[in-house]
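Protein chains: 2
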Amino acid sequence: MPQSGFGPSKLTYQMSKVHNYSAGPCILPPEVMRKASQSVIELDGIGLSLIEISHRSKEFVAIMEKARGLVRELLNVPDNYSVLFLQGGASLGFYMSAINFMKNEGGKGAYVDTGSWSNKAMKEAALLGEVIETASSKADNYTHIPKGYTVPDDADYFHITSNNTIFGTQFKSFPESKVPMLCDMSSDIFSKPVDVSKFDLIYAGAQKNMGPAGTTVYIVNKDALGKTGRKIPSMLDLAVHDSKDSMFNTPPVFSVYVSMLTLEWMKSLGGLEAMQKRNEEKAALLYNEIDRNPLFEGTTAAEDRSTMNATFVLKDEAAHKERFDKMWNDARISGLKGHRSVGGYRASMYNALPLESVAVLTDVMKELERTA
Amino acid sequence: MPQSGFGPSKLTYQMSKVHNYSAGPCILPPEVMRKASQSVIELDGIGLSLIEISHRSKEFVAIMEKARGLVRELLNVPDNYSVLFLQGGASLGFYMSAINFMKNEGGKGAYVDTGSWSNKAMKEAALLGEVIETASSKADNYTHIPKGYTVPDDADYFHITSNNTIFGTQFKSFPESKVPMLCDMSSDIFSKPVDVSKFDLIYAGAQKNMGPAGTTVYIVNKDALGKTGRKIPSMLDLAVHDSKDSMFNTPPVFSVYVSMLTLEWMKSLGGLEAMQKRNEEKAALLYNEIDRNPLFEGTTAAEDRSTMNATFVLKDEAAHKERFDKMWNDARISGLKGHRSVGGYRASMYNALPLESVAVLTDVMKELERTA
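Residue numbers (the working numbering), protein chains in the order written: chain R, 45 to 416; chain U, 45 to 416.
Nothing false has been slipped in among the hints.
You can't tell identical chains apart in this list, so a pair holds if it fits in one copy or across any two.
List time: in silico PhoX-like cross-link candidates among lysine-lysine, alpha-carbon distance up to 25 Å:
#, residue 1, residue 2
1, K242, K271
2, K275, K167
3, K242, K164
4, K271, K167
5, K167, K288
6, K152, K275
7, K266, K222
8, K164, K288
9, K102, K61
10, K271, K147
11, K271, K288
12, K365, K102
13, K370, K102
14, K242, K216
15, K191, K164
16, K61, K410
17, K266, K147
18, K222, K242
19, K381, K102
20, K167, K147
21, K288, K381
22, K147, K275
Hints in this document: simulated from the structure, not taken from any laboratory.
Produce the complete structure using the sequences and hints provided.
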């Protein structure tokens, strides 16, 4: 088994204290970085680097199995589901989710449109069959999560995006669906407990809460696979990957390993309940300041505000933008600029971001008000 | 620009002297490991780890561009070709190569069957159209590379696998083809100079000569794309990736970075001519011993022997196997076991394996003979 725990680092490097609000790839725990750095030199005393061993070696097979097991444990994944570490990001997941669930004859997929990511998912699915837009908040520039719709009973599946990184909206509860529910959970998986059994497929790029870019986790109800009547290319076929225990071909070794370390870190801190508490504290601190501070305002409906990505603007950019930008840069805050399609600011507060970093930001916001 | 060169390591770790013959993922240069390990802690003094920065950051964009540029420079890639760092390995490449080149109406792909990898490529292509087996060495258990065939003029493309890691065979010169030639070059790319202009597509998983598992390089003639009449899923469409400068979605940051370092290492040693010289020296040392030593024999036709993967057997396993296996294990040789479908031994001698490691193996072979 791979070695557990995060002993004291023998490395002479020190992390500079940058408050990393990057929307992804994003901050990971410093303990994880240290251990990963060591393993690139030598994995657990075996005389070889993590990145030069065979993926069929007993060491890497143990890493893959531990990573899969930790996903299962942290999310309480039912026994009839498979956990897979694949490649391609959610961008390939848009097509893979559709090709594994949409029937070959008269296929229909139903989608909730909550912004860019949903749109991309719909675009790929449209290559395979009919795409039904069940609900959309496009008319309001995606400032809220649509509610009060009915999922069509005749769809092969119903697809949602749990969190929108660009607009800062998040499903606070999941819709009910009689057809298989699929979810792109890239930007909030592992931020809180989730009832996996509500979904037939969850997929998520690693590079927010789980690890570095380069792997994508799929959690799939095995009983729901093989029902489309399609011939699916091997690398896109979740049943093929399941049959090979997530080792159909050479996996992205480093990304799977660092994901394993990060999952282990979550477990060591108390699992997803602890992550949820941590994330809600951070989000409360920042959103309270956005609401209290007369110079700022949030850009999304309060009930749909993401705990992962808080979006906000200065009410008077002309008066304050230059000074605010200088102040947060001076405070060594990084990655706060809003997405180009929204503007303003976006504070991404993934699992590994400490509360202390949020306090640095809210202090800067208070200081701006005091000295305005 | 990312920092160049490989300064003295501040790390306290020492690599144990294991002679790593792994078939892939495989040995990488120790300088590359050290620099990669440092960058996982902090990239070039920016206060952040390589794996926690945005892929849209100026630092990572520079890394991606440098990696693409080094491929171009080392292989002398023509201007009308695009160099892309994607995901999915050659296993996804089998399908991607076909979907980007096989016509939608009456599509035909011609293949040379040189073993497992060609077979997998043909299997994926058959989902899209007709697969023509132009030549095969299957009847001889793939111990040689087929010759003396004619590529059908009416095929949409002609596909070869330049090196077979399992059987230890390698194209020493490339066939002539009037139709676009596509090549899975996973296991010998960057081992020697190649005339890229002979091919319309070269694809290769990183995890042999180029870097760690997790990225796949595509070198594609842009003028040859967009001619199939197919609707191609975005993530499988080489024209889409080209239009986004290999950043259509979040790339596998670590794997691209370490590939950049390894490409830089090749350049610093004199480029692909130097790699070829190095690889031919190693191969000559080992094949000469296989041929000279009465206890061993090679398993492939001499003229098609791979410089990357040398396959050989003991003539009398019953008499010598147990002792030979103990001897090379004692010499700290790792990864010498043959592939399960061939048996015997396989010595994978990728770019980063030093001549010294081959000498250790040939010394063990001589010692076995001396003490037999």
